[in-house]
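Q: Taken in order, these protein sequences are the chains called C and W.
My numbering numbers the first residue of the first sequence as 1 and each following residue consecutively.
My numbering numbers the first residue of the second sequence as 1001 and each following residue consecutively.
Honestly, the hints are just simulated from the structure, not real lab data.
Glycine included, every Cβ here is placed at the ideal spot set by N, Cα and C.
All the pointers check out, no bait thrown in.
If you want a taste of the chain C side facing chain W, the calculated C-beta under 10 Å gives, among others:
#: 1; residue: Ile55
#: 2; residue: Leu56
#: 3; residue: Cys58
#: 4; residue: Ile60
#: 5; residue: Glu62
#: 6; residue: Ser63
#: 7; residue: Gly65
#: 8; residue: Tyr67
#: 9; residue: Leu69
#: 10; residue: Val70
#: 11; residue: Leu73
#: 12; residue: Leu77
Simulated restraints, written as ranges between beta carbons of each label pair:
#: 13; chain 1: W; residue 1: Ala1202; chain 2: C; residue 2: Leu77; range: 40 to 50 Å
#: 14; chain 1: W; residue 1: Ile1138; chain 2: C; residue 2: Gly30; range: 34 to 44 Å
#: 15; chain 1: C; residue 1: Leu77; chain 2: W; residue 2: Tyr1258; range: 16 to 26 Å
#: 16; chain 1: W; residue 1: Ser1224; chain 2: C; residue 2: Ala4; range: 39 to 49 Å
#: 17; chain 1: W; residue 1: Lys1053; chain 2: C; residue 2: Asn53; range: 16 to 26 Å
Facing chain W, from chain C, some residues (calculated, C-beta under 10 Å):
#: 18; residue: Thr52
#: 19; residue: Ala59
#: 20; residue: Ile66
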Amino acid sequence: MEEAIVRAAVAIGAGLCMGFGALGPAIGEGIAVSKALEGMARQPESANILRTNMILGCAITESTGIYSLVISLILILFY
Amino acid sequence: MNGPKIYFQIGPVSITQTTVSSFFVMIVLCVLALFLGKGLKKRHGKRQVIVEKLVSMLYGLVEDTMGKHNSYWTPYIGALMMSSLFGSLIGMTGIFRSATADLSTTLTWALMTSVLVWACNIKQSGVRGWLKGFSEPIKVMLPMNIISEIAQPISMAFRHFGNIMGGSVLTSIVYTGLAGISTMVLGNLSRSPIAVPLILLAIGIIVFFVGIKKVKLSLKIIGSAVVILGVFSLLEMFDILSGVPILTLGLPGVLSLYFDIFSGCVQALVFSLLTMVYVGNACPPPESDSN
Chain C
1 MEEAIVRAAV
11 AIGAGLCMGF
21 GALGPAIGEG
31 IAVSKALEGM
41 ARQPESANIL
51 RTNMILGCAI
61 TESTGIYSLV
71 ISLILILFY
Chain W
1001 MNGPKIYFQI
1011 GPVSITQTTV
1021 SSFFVMIVLC
1031 VLALFLGKGL
1041 KKRHGKRQVI
1051 VEKLVSMLYG
1061 LVEDTMGKHN
1071 SYWTPYIGAL
1081 MMSSLFGSLI
1091 GMTGIFRSAT
1101 ADLSTTLTWA
1111 LMTSVLVWAC
1121 NIKQSGVRGW
1131 LKGFSEPIKV
1141 MLPMNIISEI
1151 AQPISMAFRH
1161 FGNIMGGSVL
1171 TSIVYTGLAG
1181 ISTMVLGNLS
1191 RSPIAVPLIL
1201 LAIGIIVFFV
1211 GIKKVKLSLK
1221 IIGSAVVILG
1231 VFSLLEMFDI
1241 LSGVPILTLG
1251 LPGVLSLYFD
1261 IFSGCVQALV
1271 FSLLTMVYVG
1281 NACPPPESDS
1291 N
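Start from the sequences, fold in the hints, and give me the full structure.
A: Shown next, in the form of structure tokens:
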């Protein structure tokens, strides 16, 4: 019986962890990309610099989402 | 979908998949470097022009990020970027597991960066200066600075590891799922009486011709799909091509295009950029000390 409870808890935990973990970076990256696009629209010749910085910034904000992904993977795969 | 397999043990050291692929990446990079680096002539051959362009781009990147005085870091940053890039891309070969899909690799690199930063600080302002630096603005900041000092390598390691590991896990999940569907569908079709695949084939051909006559692309696509399904179930019945998961349609390939190649390159760039920024902060320009 305990095994079933553990399995259920692991499943719910992993789902919540990934769900909430994806919330923050999604909003952050949305704002970052929209600001970068505004910058590109205002100054098309600076598009290259803005693009690389945008990609790097998104990769760095992605890291909190990736932490929750790693935690939920650990939860699912090893429990 | 689990950790790297341990092949064998040499005393306390265990040789895992990651060790093997890291060694393979090292050999590939050394051979590449030796081949590209030899026979440099005044009159540039085509190969030499490309190599010089890449190296000067790397020097430019390092000098922009770390300042002119720090350009002697370029070989280390280049080595880090190349081994991270090739370490992630090697998982695409199917034989090896990505070297960076293992926390021990990325955590080692992250700790190397931190050790470099501490070494530069200590060289710059001595051990006492380095320790005093922790309670920089005001005494209260001491715990915060220590936490941020610890969080730095951990965040770098987990970011790189999580991206590559998550990508490979998702790709393998999609692959096993589609392969299961394909064996299930084709298996049932091949066990059914001979008539079913033939009927399927007939329907497919009819739909295809109707599509051509009425020039409707969707009908043509559906018709050709049903024809292909019929043909493969016939083949499966006579065990010609059985066992090949046809219905995966190369979808895992497209997925790994994004996960392995794009995020592999981005992670290599991000990791080396952060290393440059951290080490660059720790080694300010020497002339600012003299005055």
